[in-house]
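Whole structure, please, built from the sequences with the hints as guidance.
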Amino acid sequence: GQQVMQIPQYQHVQEGEDFTTYCNSSTTLSNIQWYKQRPGGHPVFLIQLVKSGEVKKQKRLTFQFGEAKKNSSLHITATQTTDVGTYFCAGAYSGSEKLVFGKGTKLTVNP
Amino acid sequence: DGGITQSPKYLFRKEGQNVTLSCEQNLNHDAMYWYRQDPGQGLRLIYYSQIVNDFQKGDIAEGYSVSREKKESFPLTVTSAQKNPTAFYLCASSMWEGGKQPQHFGDGTRLSIL
Numbered sequence: 001g002q003q004v005m006q007i008p009q010y011q012h013v014q015e016g017e018d019f020t021t022y023c024n025s026s027t028t029l030s031n032i033q034w035y036k037q038r039p040g041g042h043p044v045f046l047i048q049l050v051k052s053g054e055v056k057k058q059k060r061l062t063f064q065f066g067e068a069k070k071n072s073s074l075h076i077t078a079t080q081t082t083d084v085g086t087y088f089c090a091g092a093y094s095g096s097e098k099l100v101f102g103k104g105t106k107l108t109v110n111p
Numbered sequence: 001d002g003g004i005t006q007s008p009k010y011l012f013r014k015e016g017q018n019v020t021l022s023c024e025q026n027l028n029h030d031a032m033y034w035y036r037q038d039p040g041q042g043l044r045l046i047y048y049s050q051i052v053n054d055f056q057k058g059d060i061a062e063g064y065s066v067s068r069e070k071k072e073s074f075p076l077t078v079t080s081a082q083k084n085p086t087a088f089y090l091c092a093s094s095m096w097e098g099g100k101q102p103q104h105f106g107d108g109t110r111l112s113i114l
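Each protein sequence line maps, in turn, to chains A and B.
Note that my numbering numbers the first sequence so that position 70 is 70, with each residue one more than the last.
Note that my numbering numbers the second sequence so that position 99 is 99, with each residue one more than the last.
Because the hints were derived from the structure by calculation, they are not lab data.
All of these numbers come straight from a predicted model, not from anything done at the bench.
Any given hint could be a false lead.
Simulated restraints on C-beta separations [as the list claims (entries may be wrong)]:
1) B:GLY16 to A:GLY16: 51 to 57 Å
2) A:SER26 to B:ALA61: 34 to 40 Å
3) B:ASP54 to A:THR82: 21 to 27 Å
4) A:LYS57 to B:GLN41: 42 to 48 Å
5) B:LEU11 to A:GLN14: 35 to 41 Å
6) A:PRO39 to B:THR77: 35 to 41 Å
7) B:VAL52 to A:GLY16: 47 to 53 Å
8) A:GLU67 to B:SER7: 43 to 49 Å
9) A:LYS59 to B:GLN41: 35 to 41 Å
10) A:THR108 to B:ASP54: 37 to 43 Å
Chain A residues, not near chain B, derived (Cβ > 12 Å throughout) [claimed, not checked]:
11) GLN9
12) GLN33
13) VAL55
14) LEU61
15) ALA68
16) LYS70
17) SER73
18) GLN80
19) VAL109
For each residue, glycine too, the CB sits at the ideal point set by N, CA and C.
If you want it as structure tokens, here you go:
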């Protein structure tokens, strides 16, 4: 079946360091969404990417969608303690009615 | 305030018992979803519904049942056939466009076995 692979599963950084999580699909995605789940909370939508090669920024967060629309990344510059949580990508496929979530990357930030 | 309300927040199930998790939304969204979250497993889709009186199985529907009698409500029943029900259950909703709309999540229900 359709799967979205996400790496790494865990990432520990010192405050101020950068962080990147990657998602990959073996088949072309129609779009990809990113969510953040704080500890003890629920996933919250961050952004959606639709176009090949698309790059979007939200303050210190940069989201990219690959040229082939099979991979995506989320990069956080100069992490802060407020960035802790699990980041999920979720891909949608043409002709499918549902999102397929990656397993998430859990980010911890040491102050 | 528009949003999704899940209840209860915590639920305990005895062996052989069916339990129902509630999910209500006032966002006027067409689509609703149920996910199961286990540590390190991400979110796995149990059931989803695009319109009232219609729903489809997700990837792990066995041992679960749903109904969609009202647009606002999408309750999930965890039946005794689900042998490993301990998990965090999340309900979500979105405008319907086949995965192209953001999903809004409730606060979740944590289900445990007694």
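The hints, checked one at a time:
The supplied range of 51 to 57 Å is met by B:GLY16 and A:GLY16, whose beta-carbon atoms lie about 53 Å from each other. For A:SER26 and B:ALA61, the Cβ-Cβ distance of about 24 Å falls outside the hinted range of 34 to 40 Å, so the restraint is violated. B:ASP54 and A:THR82 have their C-beta atoms about 41 Å apart, which leaves the hinted 21 to 27 Å range violated. In this structure the supplied range 42 to 48 Å is violated for A:LYS57 paired with B:GLN41, their Cβ-Cβ distance being about 30 Å.
The given range of 35 to 41 Å is respected by B:LEU11 and A:GLN14, whose C-beta atoms sit roughly 39 Å from each other. Against the hinted window of 35 to 41 Å, the Cβ-Cβ separation of A:PRO39 and B:THR77 comes to about 29 Å, which falls outside the hint. As the Cβ distance of B:VAL52 to A:GLY16 is approximately 50 Å, the hint placing it in 47 to 53 Å holds. Under the hint 43 to 49 Å, the C-beta atoms of A:GLU67 and B:SER7, about 45 Å apart, fit the expected range.
For the hinted restraint 35 to 41 Å between A:LYS59 and B:GLN41, the CB-CB distance of approximately 30 Å leaves it violated. The hinted window of 37 to 43 Å between A:THR108 and B:ASP54 holds, with their beta carbons roughly 42 Å apart. A:GLN9, annotated as away from the interface, has a beta carbon of chain B within 12 Å; the closest lies near 7 Å. Annotated as non-interface, A:GLN33 brings its C-beta within 12 Å of a C-beta of chain B; the closest such distance is 7 Å.
In this structure A:VAL55 is separated from chain B by more than 12 Å, as the shortest Cβ-Cβ distance comes to about 19 Å. With a cut of 12 Å on Cβ distances, A:LEU61 stays outside the contact zone with chain B, its closest approach being about 16 Å. No Cβ of chain B comes within 12 Å of the Cβ of A:ALA68; the nearest lies about 19 Å off, and the non-interface call holds. For A:LYS70, the shortest C-beta to C-beta distance to chain B comes to about 16 Å, beyond the 12 Å cut-off, and the non-interface label holds.
Against the 12 Å criterion, A:SER73 stays outside the reach of chain B, whose nearest CB is about 17 Å from its own CB. With a least beta-carbon separation of about 23 Å from chain B, A:GLN80 lies farther than 12 Å from that chain, consistent with its non-interface assignment. For A:VAL109, the non-interface assignment is confirmed: its Cβ lies about 20 Å from the closest Cβ of chain B, beyond the 12 Å cut-off.
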